[in-house]
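Enquirer: Please model the entire structure based on the sequences and the hints provided.
Positions in the sequence shown are counted from 1; adding 21 to them yields this note's numbering.
Mixed in with the good hints there might be a few duds.
Straight line, CA to CA, 20 Å or less: simulated SDA-like cross-link-like pairs of lysine to any residue [stated by the list, open to error]:
hint, residue 1, residue 2
1, K123, Q199
2, K123, K163
3, K50, D146
4, K273, F196
5, K163, A210
6, K170, A119
7, K58, P150
8, K60, S82
9, K50, V40
10, K112, Y122
11, K60, Y101
12, K24, K112
13, K50, P150
14, K58, M116
15, K163, Y101
16, K273, Q199
17, K50, A210
18, K222, V263
19, K222, N261
20, K123, M164
21, K50, A147
22, K273, H44
23, K112, Y101
24, K273, N236
25, K170, Y122
26, K58, I149
27, K159, Y122
28, K60, A81
29, K222, A210
30, K50, R264
31, K24, D57
32, K58, D148
33, K163, D70
34, K163, Q199
35, K273, K222
36, K273, F48
37, K273, D41
38, K60, L104
39, K273, R238
40, K159, F239
Since the hints were made in silico from the structure, they are not lab data. From a predicted model like this one, the values you see are computed outputs, not experimental measurements.
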Amino acid sequence: MNKTQPVLFLSHGGPTLAVDDSHASRFMKSLSGTLDKPKAIVIFSGHLDSDDDVVITSGASPSVIYDFYGFPKPLYELTYPALGAPYLANKIADMVSASGYKAVLDEDLGWDHGVWIPLRLIYPDADIPVVQVSISSKQGAKMNYELGKVLAPLREENVLLIGSGAITHNLREIFSRQKTPNGSAMAEAFTDWIAHKLESKDHEAVVNYLTDAPNARFNHPTDDHFLPLVAALGASGEDNAVRIHQSWQDDKLLAMDAYRFG
Numbered sequence: 022m023n024k025t026q027p028v029l030f031l032s033h034g035g036p037t038l039a040v041d042d043s044h045a046s047r048f049m050k051s052l053s054g055t056l057d058k059p060k061a062i063v064i065f066s067g068h069l070d071s072d073d074d075v076v077i078t079s080g081a082s083p084s085v086i087y088d089f090y091g092f093p094k095p096l097y098e099l100t101y102p103a104l105g106a107p108y109l110a111n112k113i114a115d116m117v118s119a120s121g122y123k124a125v126l127d128e129d130l131g132w133d134h135g136v137w138i139p140l141r142l143i144y145p146d147a148d149i150p151v152v153q154v155s156i157s158s159k160q161g162a163k164m165n166y167e168l169g170k171v172l173a174p175l176r177e178e179n180v181l182l183i184g185s186g187a188i189t190h191n192l193r194e195i196f197s198r199q200k201t202p203n204g205s206a207m208a209e210a211f212t213d214w215i216a217h218k219l220e221s222k223d224h225e226a227v228v229n230y231l232t233d234a235p236n237a238r239f240n241h242p243t244d245d246h247f248l249p250l251v252a253a254l255g256a257s258g259e260d261n262a263v264r265i266h267q268s269w270q271d272d273k274l275l276a277m278d279a280y281r282f283g
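Expert: Below you can see the structure in the form of C-alpha cells.
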C-alpha cells in the first residue's frame, strides 16, 4: 500500500554544505529520521533552469555534476551512486505533456549539486532512485507553480517531491567587499515575509513575490533559486507549511530555511 509523501523545500547553500559541520548540514543528516522512506525522489533544483522545455533526467545511473569551481579538492571526489528511475521519468514526461508543456527526456544528463549534495546528507546510503526535473526562470513563477501541481499526484504513490534552492540567494552581495549597510535586515525581512505567507497558505502572494515581497530583487537578483520553492508549493496542495529549519550563513545573508508541506 502506497504512502502519501510530504513535499519538502530545502535551501542547499554552497557546495561546502557537503563537508562542513553546520546547523544546516546537521539538520539534513537528521531529516530522513522524520520521514517515511519513499520509493523514489523527484527533485527540482535551481541549477537546472530550462527556457521552454521541462527537462527530465531519464538515465538509469546518472552521474554527479561538479558544477562549481574554486572549492577544496575533497568536494570533487564526492559521489552519490543512487540509481535513476527511467520508468518514473517517462511517467513524469507523460504527465507534463498532458498538461500542455513540452517534456524532454535526457538520459545523459547528470545531477547538479543542488540535487546530490543535499541528498547524500539526507539519504547517505543512496538506495532511493532519483529523477530531476527542471525549473524555468524564463517562463516565470506561475508556470513553475503549475508544474508542481502537475506532479503532485506522485505523492500518493510514495514519491517524495523536493524543491532544492535558496530562500535568499544574493551571491554578489555575499562576495562584495562593501556590503549593503542594512543587507542582513533586508534578508531577514524577506525570509519572515515568506514564512508568514507560506504558513497562512497565501500561495498567490508567494507566486507574486517579485511585486509583493519586501526586498525581493535584493535577495533574488535572479529567480532560479527561488522557483524550486514555488514548484514545491504548487505540489503541496492545501497542506500546511511548517518551517522545519532556520539558520544563516555568510554574514546573515544566505538563509538556509527548509519547509515541509504535509
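Enquirer: Does each hint fit the structure? Answer for all of them.
Expert: Structure-based check of all given hints:
1. K123 <-> Q199: Roughly 43 Å between the alpha carbons, so the hint for K123 and Q199 is violated.
2. K123 <-> K163: With Cα atoms ~16 Å apart, K123 and K163 stay inside 20 Å; holds.
3. K50 <-> D146: holds (12 Å)
4. K273 <-> F196: At roughly 13 Å apart (the allowed maximum being 20 Å), F196 and K273 satisfy the hint.
5. K163 <-> A210: Not OK: K163 and A210 at ~23 Å, beyond 20 Å, violated.
6. K170 <-> A119: holds (13 Å)
7. K58 <-> P150: holds (12 Å)
8. K60 <-> S82: holds (16 Å)
9. K50 <-> V40: Holds, at about 12 Å.
10. K112 <-> Y122: holds (14 Å)
11. K60 <-> Y101: The hint holds at about 17 Å.
12. K24 <-> K112: Roughly 18 Å between the alpha carbons, so the hint for K24 and K112 holds.
13. K50 <-> P150: holds (18 Å)
14. K58 <-> M116: Violated: K58 and M116 sit about 24 Å apart, past 20 Å.
15. K163 <-> Y101: Given that 20 Å is the threshold and the Cα spacing comes to 32 Å, the pair is violated.
16. K273 <-> Q199: holds (15 Å)
17. K50 <-> A210: violated (28 Å)
18. K222 <-> V263: holds (11 Å)
19. K222 <-> N261: Holds - the C-alpha atoms of N261 and K222 are around 7 Å apart, at most 20 Å.
20. K123 <-> M164: Given pair K123, M164 holds - Cα atoms ~12 Å apart, limit 20 Å.
21. K50 <-> A147: The given pair, whose Cα atoms are some 13 Å apart, holds under the 20 Å limit.
22. K273 <-> H44: holds (13 Å)
23. K112 <-> Y101: Violated: K112 and Y101 sit about 24 Å apart, past 20 Å.
24. K273 <-> N236: holds (15 Å)
25. K170 <-> Y122: holds (13 Å)
26. K58 <-> I149: holds (9 Å)
27. K159 <-> Y122: With Cα atoms ~14 Å apart, K159 and Y122 stay inside 20 Å; holds.
28. K60 <-> A81: Satisfied, since the Cα-Cα distance of roughly 15 Å is no more than 20 Å.
29. K222 <-> A210: holds (18 Å)
30. K50 <-> R264: holds (17 Å)
31. K24 <-> D57: holds (8 Å)
32. K58 <-> D148: This hinted pair holds, its Cα atoms lying about 10 Å apart.
33. K163 <-> D70: holds (15 Å)
34. K163 <-> Q199: Answer violated: K163 to Q199 is near 35 Å, above 20 Å.
35. K273 <-> K222: Distance ~26 Å between K273 and K222 Cα, so the pair is violated.
36. K273 <-> F48: holds (18 Å)
37. K273 <-> D41: The hint holds at about 17 Å.
38. K60 <-> L104: Cα-Cα ~12 Å, so holds.
39. K273 <-> R238: Holds - the C-alpha atoms of R238 and K273 are around 17 Å apart, at most 20 Å.
40. K159 <-> F239: holds (19 Å)
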